[in-house]
Every structure is written in C-alpha cells, then in structure tokens.
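Peer 1: Now for the letters of each chain:
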Amino acid sequence: MNRSQHIVGSGLVFAVGIWVAWVSFTQEPAEAFLFPRLIASVFVVLAGWTFGKAVMGLSKVGSGISRTMFLNMVPGLALMLVYVFWAAKALGFYTATAIGFFILLSLYDPAPHSEGKTWVKRALITGVFVAVMYGLFAKLLSVYTPREILF
Amino acid sequence: MEFIYYFGDVFSPLSFLLLLGGTIGGLILGATPGLSPTMAVALLIPFTFHLEAVQGLILLGAAYTSTVAGGAVSAILLKIPGAPANIATTLDGHKMAKQGQGAKALQLSFLASAAGGIFGVLLLIFLTPLLAEWALAFGPSHLFWLAILGVTVIGSLDSASVVKGLLSGCIGLWLATIGFDDIMGAQRFIFHPSLGGGINIIAALIGLFAIPQVLTMFAKGRRTEGAEVIEVQKHSVLDATRELLRCPRALGIGTITGSVIGLIPGVGGQIAGLVAYDQTKKFSSEKEKFGKGHSEGVIAAEAANNAMVGPSLVPLLTLSIPGSPTAAVLLGGLLIHGIFPGSDLFDNHPDVAWTFINSMLVGQVLMCLFGLYIAGLAARVAQVPQSVMAAIVLALSVFGAYSVQSSMGDVYVMACLGIGMYFLERFGFSAAPLVLGLILGPIAEANFIQGGMIADATVGKASYFLTGGLNIFLIAVVAASIAYSAWMELRSRRYTTKEEAQA
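These protein sequence lines are chains A and B, in that order.
Mapping the first sequence onto my numbering, position 51 (from 1) lands on 54, and the numbers just tick up by one.
Mapping the second sequence onto my numbering, position 109 (from 1) lands on 157, and the numbers just tick up by one.
Be careful, since some hints might not be right.
As the list claims (entries may be wrong) - Calculated pairs, PhoX-like style, for lysine-lysine (alpha carbon to alpha carbon, straight line, at most 25 Å):
| hint | chain 1 | residue 1 | chain 2 | residue 2 |
| --- | --- | --- | --- | --- |
| 1 | B | K268 | B | K509 |
| 2 | B | K337 | B | K282 |
| 3 | B | K127 | B | K282 |
| 4 | A | K124 | B | K268 |
| 5 | B | K268 | A | K63 |
| 6 | B | K340 | B | K509 |
To be verified - Pairwise CB distance ranges, derived in the manner of DEER restraints:
| hint | chain 1 | residue 1 | chain 2 | residue 2 | range |
| --- | --- | --- | --- | --- | --- |
| 7 | B | A531 | A | T71 | 52 to 58 Å |
| 8 | B | R294 | A | V77 | 51 to 57 Å |
| 9 | B | P296 | A | L15 | 31 to 37 Å |
| 10 | B | R294 | A | K63 | 56 to 62 Å |
| 11 | B | L383 | A | A134 | 44 to 50 Å |
| 12 | A | A134 | B | F331 | 53 to 59 Å |
| 13 | A | W89 | B | P398 | 47 to 53 Å |
| 14 | B | I231 | A | W89 | 44 to 50 Å |
Unchecked claim - According to the in silico footprint, chain A covers these stretches of chain B (three or more CB under 8 Å from chain A):
| hint | segment |
| --- | --- |
| 15 | 208–216 |
| 16 | 469–475 |
| 17 | 492–498 |
Hints in this document: simulated from the structure, not taken from any laboratory.
A quick note: this is a predicted structure, and the numbers were derived from the prediction, not measured.
Every residue gets a Cβ at the ideal spot worked out from N, C-alpha and C, and that includes glycine.
Can you make the complete structure from the sequences, with help from the hints?
Peer 2: Quick look at the structure:
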C-alpha cells in the first residue's frame, strides 16, 4: 500500500495527539484535566509509535484507499456533506432527503441511465422511502425536524 | 430462578409485538450484506426513545439475536456472509445450496442457531446474578481498572494491530472527555459549539458504525452485484431436526465453543464460528467432507455464532463492560433510559433485566420459526442494490442522530465521526475499541476522580490504585491481553515474512 497514505493518516492522528496533550497539560484548572492528561500521555506515545512506523515504511495493517475507490466515493461523499451540513437544515429534512436520496440512487444505481423506466423506478423508490420516513419520524415518533420548504 | 417470575412480561401485547418485529426485521437486515448487527442495533436505538426501557431493550435484543442468525441466509444462498460471524457458514452452507440442499442448509442453520442461542441465554441467566453479586465488592479503583480493561481487551484482541487498537481506544477515551467537566465545570476540548454538551453517545454510535458502511458502499461505485440467489427447494423441517440430532458432536462443539468465546470480551462471533468449525472438523470422522457441503460444518458454525450472543452480555450486565461492539451499543440503549448495568440493574430494575433476558430466550425460538419461513424473502431483500442501501442508511443515520435531542449539532458530530472513522479504518484502526473508549471513558474518569479523593485522604494514589489483590489481578489481565495480542501479532508477521521469503 502507498506508504505516503500511511504517513499522512498516522501523521494526522499524531498531530491530534500532540494537540490533546498540549491542551491537557496547559489548560486550567489542572484538576479538571487530570484524566485527560493520563489519556493524552498514552495517546501521544502510541500515536508517535504509529507515525514512526509509517515513516519507516513498517506499517502493515490497513489497505488504504485506491484511486478507483476514492473516485467512486467522492460524489457520494460530497453529496453527503452538502446534505448533512447545509441542505437538511436549509431545505428541511424531508425535502433534502428526497433530493439527496434521488441523486444518490441516480449516481450509484447500476441500472442504465438511458432508459426512461429506470428513472421512474428511482423516483418511485424515493417517494415511497420519504413517505415511510415521514410516517416513522413525524407521525410515529413525533420528531419535529426542520421543515424550511415544502414539508 | 428469579427470571421465571418475569417470564409473563415478555408476552404483554406491546413487548411481544416488538420482539416479533425486532426478530423479523433483524432476520431481513442480517441477511443484507454490508449491514452488520452492530449497525442495525445502533440505527434502531432512536426508535426506542419513546418506549419503556424494557420494551426498548427487547427490540434491540431481538434485532441483535436475529441479525446474527439472518446473516446465514445470504451466506448460504448468495455466498456473501451477512455479517463476519457467518463467514464459517459460507464454507459448507453455500456448497450445500449449490447441490440443491439450500432449504436443508437453511433449516439446519436456524435450528442450530436456536439450540446454541438458547444454551447461551441460559448461561447468561445463571451466570449474571452471581457475577452481579460479586461486582458489589468493587470499589472505585477496581471499577477504574475494569473500564480500562474493557478498552484494552477489545483494543488488543479486536484489532489487526495491537498499537492501533489501543490507540483507537485512547481516541475514544479522549472523545469522552470533550465538553464540560462534571466536577469543576471547566470547558474541555470544546472547539466547536456543537461539542458544548459533549459527544452524544447514540449519535456517535450511529456515525461510527453506519457512516463507514455507507462510504464503503459508495467506494464500490456503480457496480452490479454479481451474486445470484440460489432457488430453495422444499425440505421437511422434521428431517432437518433429525439430521441435527444425528450430529450432537458438531452441535455440542459449536455451542460450547461459542459460549466460552462469548464470555471473553472482544472476541467476536467471527472467531467463534471459525474456531467451532475448525474443532468440529478435527474431531469428525468425515473430515474430507468439510468444505464440500457437509451439514456438520453449518451446524457447528451457526450454533457457535448464536451461542456467543448471550454470554457476550454477561460482562455488560454485571460489570458494565461490553463484551462486543453490539453489547456496547446495547449499553448505550440502557444508559439513555437512565439504567446503569451491574448490581443496580438487578437490585433496582429486576423487571427490566429479567424481562430483557427472557425475551432473548423467546426470541431464539421465534428466530428459528420465522427464519425457516422468511429465508427466501430475506435472500431477495439481500439483493437490493447497494445504492439503495447506502441512501437508506445515510438518511436513517441523519434522522436517527437528530431525533436524540432534536439537535443539528448531533447530526454534525455523527457525520464527522463517521467520515473520520471510515478513513481511520482504511489505515487499520478499529471502531470497536474507539466506541468502548467513548462509552467507558466517563465510568473510568468518575472512578479515577473518586478513587483519587479517597486515596488522598487515606493511603495515597499509588497504593490505592496499584495494590490490593483485585487491583493487581485486573492490571495483570490488562497486561496479559496486550502481551498476548502483541505476541500473536509478531508470530503472524514472522509467518508472513517466512512465506514472503519462500515466495
């Protein structure tokens, strides 16, 4: 597997470990950070060890991410980020879910995009799913989700 | 025999309906490749908020039991294990299905699952009160070491790399400290307003188990699943029962292996199934038939992976130490209802504890009955395209995380943890120890602080935490689990190196 991926991954974890240790040992009141200090000490040692092994090319566990996997994942991940961090609140949960669900189906459905009936099928699945979600969460569980537009 | 008094509660209309729904839903979810039992249980937690604690637990317990058994359907009919626990079932189960014995393989798998599962739950019934009584003797230092033990055992045994497993546990313990400190009220690691109230366990569980699965499905791209469902011919259940009774050795080895492995925190159903399969093969007079469609292989594997379900809850219900990731999720389900496992559970909420345990016993029977009839349907559901599954799981995760406290902050935390966990998993880190750290962190910290106060007023911290028989025993177990895993890891590396050298 790509050694540089291991270096970047474990390097990030090591950086978080150093930050946790720095905050734990510098913030006041010290009594509130007793337990975090204990954890941070172990965290930094283990993260440093992992990073050191990655730098020396000795990381054996973890297959990393291939270019194909990454390219396959990017559209879905981007849509997920937009859905979670913007659309769900800005458009309302059900509207955002309907749009997001339909786009995801269209992006990843192996059925041909050139046939009209596959689009109808996707729209139907989306409609049924959103109706079920509405029934479950709005009616059965009485969860009041943000409903900015439509419903 | 206290459990008998609460047996009737399982059959109250709502409880029984939830048990039935959890069992059937679990069988279908379990048969769906890519949906692990842990993820299924995590996604179900939001649906338990409006239920009584006992009813919520019945639903989660039924889903846990039946997802493990349901995984056998896709293992047998599609050659895709529904969960890692069903890997060993694939070896002979799919061969049997290809030879036209699909129905027989399914019947044997559900009958063996039920037999193993019932034995496992009986073990849970008889061991739990004894251990819960013993747990009363535990002071803050012991509880602190127990919490650390929970994280280190899973960190070292459940991960391919001991260091990365322990590091995952540390990350979980650190995440548990985010928010306001309980004693001083000081802010700790709050780098975003969403973290003001700390990390909500349920939102975190959903994110850590569901989002990586969604991203894994995305990473496969627009792929048509090549798996083909093998048609199931009719087969008499009575004949299958007779066949099961003709293989007492496979059933016995599977059940005992699964039960013993279930009691060890961190060792999952995958290991139970494979070890039972291997041992049954060793003791069988028909070794050559294994791997070619031998019913003993299916019986041993399925009896083992369901027999471990009950015992895996023993450390959870007595010592608050979840024995598996799914048990950790169940602990989350208990905590949201304000119920703390251990002696408190059996002394103050015996109705909850015993009705839940009894429901698992009844659930095993229901799982067997329904499993035999809905296996064909479950296999069809297992063929649902991954794109649909990914979209469903993503939407359920968002709605589930939001419904915990009606907070978008929980949704953001869920998504960030899930995306982070996906990338960490690709680099060999594991979700199970991280979750354990997150759940056991507050227990470890509370007892560390409380123990520290007692120690300052008495013998000093070092003596209080590091001496005494039970402390030394727990520390020794922590050290032994790490040393054993490190030794196993080094040994397997040495073998890899030898193989590489020979190649």
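Peer 1: If any of the earlier hints don't hold here, list their numbers in rising order.
Peer 2: 1, 6, 7, 9, 10, 11, 14
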